[in-house]
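Sequence order for the protein chains is A and B. Heads up, the final residue of the first sequence is numbered 155 in the UniProt record's numbering, and it's a clean run with no missing numbers. Heads up, the final residue of the second sequence is numbered 155 in the UniProt record's numbering, and it's a clean run with no missing numbers.
By construction, these hints were calculated from the structure, which means they are not laboratory data. Possibly wrong hints are sitting among the right ones.
No distinction is drawn between identical chains; accordingly, a pair holds when it is met within one copy or between any pair of copies.
Said to hold, decoys possible - Below are the SDA-like pairs computed for lysine to any residue, each with C-alpha atoms no more than 25 Å apart in a straight line: (1) Lys54 to Glu140; (2) Lys6 to Arg100; (3) Lys54 to Gly79; (4) Lys54 to Arg67; (5) Lys54 to Glu117; (6) Lys54 to Leu129; (7) Lys112 to Arg155; (8) Lys54 to Ala5; (9) Lys6 to Ala126; (10) Lys6 to Phe150; (11) Lys54 to Ala71; (12) Lys54 to Gly127.
2 protein chains.
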Amino acid sequence: MSETAKRWPLPPAMQAALDEARKAAQAGEVPVGAVIVRDGAIVASAHNAPRALKDPTAHAEMLAIRRAAQALGDDRLTGCDLYVTLEPCPMCAGAIAHARIARVYYGASDPKGGAVEHGCRTFEQAGCLHRPEVYAGIGESEAADLLRGFFRERR
Amino acid sequence: MSETAKRWPLPPAMQAALDEARKAAQAGEVPVGAVIVRDGAIVASAHNAPRALKDPTAHAEMLAIRRAAQALGDDRLTGCDLYVTLEPCPMCAGAIAHARIARVYYGASDPKGGAVEHGCRTFEQAGCLHRPEVYAGIGESEAADLLRGFFRERR
Chain A
1 MSETAKRWPL PPAMQAALDE ARKAAQAGEV PVGAVIVRDG AIVASAHNAP RALKDPTAHA
61 EMLAIRRAAQ ALGDDRLTGC DLYVTLEPCP MCAGAIAHAR IARVYYGASD PKGGAVEHGC
121 RTFEQAGCLH RPEVYAGIGE SEAADLLRGF FRERR
Chain B
1 MSETAKRWPL PPAMQAALDE ARKAAQAGEV PVGAVIVRDG AIVASAHNAP RALKDPTAHA
61 EMLAIRRAAQ ALGDDRLTGC DLYVTLEPCP MCAGAIAHAR IARVYYGASD PKGGAVEHGC
121 RTFEQAGCLH RPEVYAGIGE SEAADLLRGF FRERR
């Protein structure tokens, strides 16, 4: 009998982002979670909450960025990394650039709404003032399962 | 002697957005102002304030959208119009689409950072879920003068 392949463990920050996404689903919001890390420690975490907060800008990334900036007392998150379960949209990609996030790790790709490897490819635009390093597909299947489950229930 | 040309008066909402931009300049922030109007009444107004609020997402449009959503108790600003002194960036254009803003009136164009008629042309992307009507150049010279004056002083 052959040994089954072991899955490479997800980084703890992406695990935390997935936990945030689950909280969003429980609250009836599209399950996306985000975490901001600096020097190996989580500085802020958030889940998607536009309905609960009555705020169309309250995507997980936006809330995490705003909370991290508050926590660090600086509107620039230099040296911070963002872990998010879904490819950022144009709004969030723009905010990532404004915040000077160093690295972005994301789970599921979003061919329709994403703006990193799809659509306007925000960070490749000539006018983009800051280009983070981007790593895709970390926790992809877990993140995509959460989204699929959420939308299946609502159909 | 010939009569000099009279300037067409600016809409009061754009006057209010320009007043907000002046407040930003006085506070040492890049002078951009925004106002949200519904049924002819101003629902929210804001100026650019990322430094004061320690929030990289605190562009005038974002703050105005968030305040309007709070005031109206809804994360969708259906039937609302946005007046902003500068062409929105990718982050703000994305937020405008998420908020379902009906019409966007803006002053100065921003060939470097703008994302409406420049860069990724957010509302023309296939994945854009909502396309507002857009009117450019309203209060353009006043808005551009404010920005030029601000950056001249800082050089």
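When Cα atoms must be at most 25 Å apart, do Lys54 and Leu129 count as within-copy, between-copy, both, or neither? For Lys54 and Leu129, the Cα distance is within 25 Å only across copies (19 Å; inside one copy 30 Å).
Between copies, within a copy, both or neither: which fits Lys54 and Gly79 at Cα up to 25 Å? between (31 Å within a copy, 16 Å between copies)
Alpha-carbon proximity between Lys54 and Arg67, which holds within one copy, between copies, both or neither at 25 Å: both (17 Å within a copy, 10 Å between copies)
Reference check for the pair Lys54 and Glu140, CA-CA at most 25 Å: within, between, both, or neither? neither (28 Å within a copy, 32 Å between copies)
Can you give me the call for Lys6 and Arg100, within, between, both or neither, at a CA distance of at most 25 Å? Answer is neither; intra-copy 35 Å and inter-copy 45 Å both fail.
Classify it for me, Lys6 with Ala126: is the Cα-Cα distance of at most 25 Å met within a copy, between copies, both or neither? For Lys6 and Ala126, the Cα distance exceeds 25 Å both inside one copy (42 Å) and across copies (39 Å).
For Lys6 vs Phe150, is the C-alpha pair at or below 25 Å within one copy, between two copies, both, or neither? Cα proximity of Lys6 and Phe150: none, with 27 Å in one copy and 58 Å across.
Is the C-alpha distance from Lys54 to Ala5 at most 25 Å within one copy, between copies, in both cases, or in neither? Neither: 44 Å inside a copy, 46 Å across copies.
Between Lys54 and Ala71, at a C-alpha cutoff of 25 Å, which is it: within one copy, between copies, both, or neither? Both. Shortest intra-copy (23 Å) and inter-copy (9 Å) distances satisfy the 25 Å Cα cut-off.
Using 25 Å as the alpha carbon limit, work out where Lys112 and Arg155 are close: within a copy, between copies, both or neither. So Lys112 and Arg155 pass the 25 Å test inside one copy only (19 Å; across, 42 Å).
Which holds for Lys54 with Gly127 at a C-alpha limit of 25 Å: within a copy, between copies, both or neither? between (31 Å within a copy, 23 Å between copies)
Reference check for the pair Lys54 and Glu117, CA-CA at most 25 Å: within, between, both, or neither? Answer is neither; intra-copy 29 Å and inter-copy 29 Å both fail.
When held up to the earlier numbered hints, the structure conflicts with 1, 2, 5, 8, 9, 10 and fits the remainder.
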